[in-house]
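In order, the protein sequence lines correspond to chains A and B.
Take 1 as the starting number for the first sequence in our numbering and just add one per residue.
Take 386 as the starting number for the second sequence in our numbering and just add one per residue.
There's no promise every hint is true.
To be verified - Keeping only pairs whose Cα atoms sit at most 30 Å apart, straight-line, the calculated DSSO-like set for lysine-lysine is:
hint, chain 1, residue 1, chain 2, residue 2
1, A, K35, B, K557
2, A, K282, B, K624
3, B, K624, A, K123
4, B, K454, A, K35
5, B, K427, B, K624
6, B, K607, B, K493
7, B, K495, B, K449
8, A, K123, B, K447
9, B, K624, A, K35
10, A, K35, B, K465
11, B, K635, A, K123
12, B, K429, B, K447
13, B, K454, A, K282
To be clear, the hints were calculated from the coordinates, so they are not data collected in a lab.
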Amino acid sequence: MLDRALKGSSRYWGWLIFLLVLMGIGFACYLYQFKVGLKITGMSRDVSWGLYISQLTYLVGVAASGVMVVLPYYLHDYKAFGRITILGEFMAIAAVLMCLLFVMVDLGKLPRLMNIIMYPHPKSILFWDMIVLNGYLILNILIGWNVLAAERKGVHYSTWVKVLIYISIPWAFSIHTVTAFLYAGLPGRHFWLTAIMAPRFLASAFCSGPAILLLIALVVRKFTNFDPGKEQIRTLGGIIAYAFIINIFFFLMEIFTSFYSQIPGHMHSFVYLFLGLDGYGKLAPWMWTFVFFAIVALILLIIPSTRRKEDTLAIACAAVVISTWIDKGLGLIIGGFVPNPFERVFEYWPTTPEVLITIGVWAMGFFVLTVLFKIAVSIKEEVAA
Amino acid sequence: MGISRRRFLKVAGLSAIMAVGGKAGFELLRPGQVEASLPLTKGKRWAMVIDMRKVTDEIIQKCKEACHKAHNVPEFGNPKVELKWIWEEEFEHAFPDQEHEYVADGIKDKGFPLLCNHCSNPPCCRVCPTGATWQREDGIVMMDWHRCIGCRFCMAGCPYGSRSFNWGDPGKAPKELNPDFPTNPDFPTRTLGVVEKCTFCNERLAKGQLPICVEEANKIEKDSFIFGDLADPDSNVRKALRKHFAIRRKPELGTSPNVYYIIG
Numbered sequence: 001m002l003d004r005a006l007k008g009s010s011r012y013w014g015w016l017i018f019l020l021v022l023m024g025i026g027f028a029c030y031l032y033q034f035k036v037g038l039k040i041t042g043m044s045r046d047v048s049w050g051l052y053i054s055q056l057t058y059l060v061g062v063a064a065s066g067v068m069v070v071l072p073y074y075l076h077d078y079k080a081f082g083r084i085t086i087l088g089e090f091m092a093i094a095a096v097l098m099c100l101l102f103v104m105v106d107l108g109k110l111p112r113l114m115n116i117i118m119y120p121h122p123k124s125i126l127f128w129d130m131i132v133l134n135g136y137l138i139l140n141i142l143i144g145w146n147v148l149a150a151e152r153k154g155v156h157y158s159t160w161v162k163v164l165i166y167i168s169i170p171w172a173f174s175i176h177t178v179t180a181f182l183y184a185g186l187p188g189r190h191f192w193l194t195a196i197m198a199p200r201f202l203a204s205a206f207c208s209g210p211a212i213l214l215l216i217a218l219v220v221r222k223f224t225n226f227d228p229g230k231e232q233i234r235t236l237g238g239i240i241a242y243a244f245i246i247n248i249f250f251f252l253m254e255i256f257t258s259f260y261s262q263i264p265g266h267m268h269s270f271v272y273l274f275l276g277l278d279g280y281g282k283l284a285p286w287m288w289t290f291v292f293f294a295i296v297a298l299i300l301l302i303i304p305s306t307r308r309k310e311d312t313l314a315i316a317c318a319a320v321v322i323s324t325w326i327d328k329g330l331g332l333i334i335g336g337f338v339p340n341p342f343e344r345v346f347e348y349w350p351t352t353p354e355v356l357i358t359i360g361v362w363a364m365g366f367f368v369l370t371v372l373f374k375i376a377v378s379i380k381e382e383v384a385a
Numbered sequence: 386m387g388i389s390r391r392r393f394l395k396v397a398g399l400s401a402i403m404a405v406g407g408k409a410g411f412e413l414l415r416p417g418q419v420e421a422s423l424p425l426t427k428g429k430r431w432a433m434v435i436d437m438r439k440v441t442d443e444i445i446q447k448c449k450e451a452c453h454k455a456h457n458v459p460e461f462g463n464p465k466v467e468l469k470w471i472w473e474e475e476f477e478h479a480f481p482d483q484e485h486e487y488v489a490d491g492i493k494d495k496g497f498p499l500l501c502n503h504c505s506n507p508p509c510c511r512v513c514p515t516g517a518t519w520q521r522e523d524g525i526v527m528m529d530w531h532r533c534i535g536c537r538f539c540m541a542g543c544p545y546g547s548r549s550f551n552w553g554d555p556g557k558a559p560k561e562l563n564p565d566f567p568t569n570p571d572f573p574t575r576t577l578g579v580v581e582k583c584t585f586c587n588e589r590l591a592k593g594q595l596p597i598c599v600e601e602a603n604k605i606e607k608d609s610f611i612f613g614d615l616a617d618p619d620s621n622v623r624k625a626l627r628k629h630f631a632i633r634r635k636p637e638l639g640t641s642p643n644v645y646y647i648i649g
């Protein structure tokens, strides 16, 4: 099946080469970082995780969201999603690969990566994150590949694949729950110490992931002969609407708990993020951008006519992706470190090499995604023909 | 049983030091240190009591210099990538949850020496994915710089900001700030990309010596830093805590820190 990835239009190749160039730039920056250390990033002893780990967090959500097309099809026998489950699974593969790479570029001592396996410490949530992420990757590779191969041959996939599919559904929830536990169980980081961290993660995952999938589905329809389907897009729109409303609801619950209780530790990070603290407020414009796009998305998703119209739905999805990315891929992680344990404010801002490495990892993800979608779409076109 | 094991060790150790050190041995055994200075390899729950009535900026500075010199902690001259095992903070930053508008004059602007609290329930050890940071049976929270993968989960987990990461190569710290780095050839230097912190001078305890900050502080002001075993009701630290009111940093987090500050 891999051969499908080797035949493509010049636009396909141009896109892949463009991504390869970005990957190359990112890799060169990484070699520099590997040599001189993480001091080339904006991270510091106060904000000791930055863009890399926040991308990991965001992308675990995207990976987990594959379940939003898998679950209705396999558990509720919602036939329409049969056309696009493969897209959800392949997106999950690309997203998990990015997650793993973001962990790797963040490590101070990459060559010692295997210590996590050689000296396993099950008390550490990172150990479990490693298990669930790699497990989810393997599950989706096995499921996606076998289901697609069966579809190509016009046969039904084997029973063992079905078993794996059933396993993959709770597994998807687990990856984002465990990722939330990375933060939610730390004493002294009040911003993260919240029992709704995992539910919040899942809610933001189940709107941002399907929103990305929906946008990609529209691109696929535009550039190939495969149509993911009108009904499918409309149903996805409904899922995104519910998940995004729940996501914002959870966010407002955090605001209420912090500001009605008036406990300083619980308010400080929010104050820093939205208004600035002690004269530092680099993230404030971003957080208000998040609010703006969240409102746009809410309006377009709640009003039935704009949700059902594909153009406005696409705008809503873009707004969902932007707002969830700022909220989770920027504010949530950095906000947790500001102010620091001494209640001093030290700000973080990524450096150019750090951003280029981040773009390089994203480019790798899009490269894998493009190749996998190319294979899936080619086979779907053949079967249809 | 006429003599307890502890008392036996104390007497045996005392005699040994007297025999070996003579006058020097006497000097080591100034009041307040006797209990700690002997079975220094036998503690069950090491703790430090810092008497803020006696601590001065000069003491903290000297402790910091001696500690960083003994443990090859380089100076980068940049707070972003700073490494520190013991350092000074004002009251409001050391105890942000105790701070109020009317803190006593002598305390408000006073520098507090901060270091790893060697918590009895250390979150850093809990979150470490490789066991590169772990707790010894005597309570010391240790670091294995050869196993650390540099994920910095422990830095997110530590509520005291006690952990430093080698953002750059410590050997390449500015020469003008570190003319004779590494300062102590008998102590390992770290590599790029690992986390480090205070280890209560485990290497000195193994030799029967007090942590270097305790030694330095006591040179200037006797009993300003007291080090001993909390598990022993007769130890110097227990005596000090019985006698004086002491506070710990963020005890409400349940980490059970083992560094105490006598306020007044």
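Practice task
List, from low to high, the hint numbers that the structure doesn't satisfy.
Solution key: Hints 2, 3, 8, 9, 13 contradicted; others consistent.
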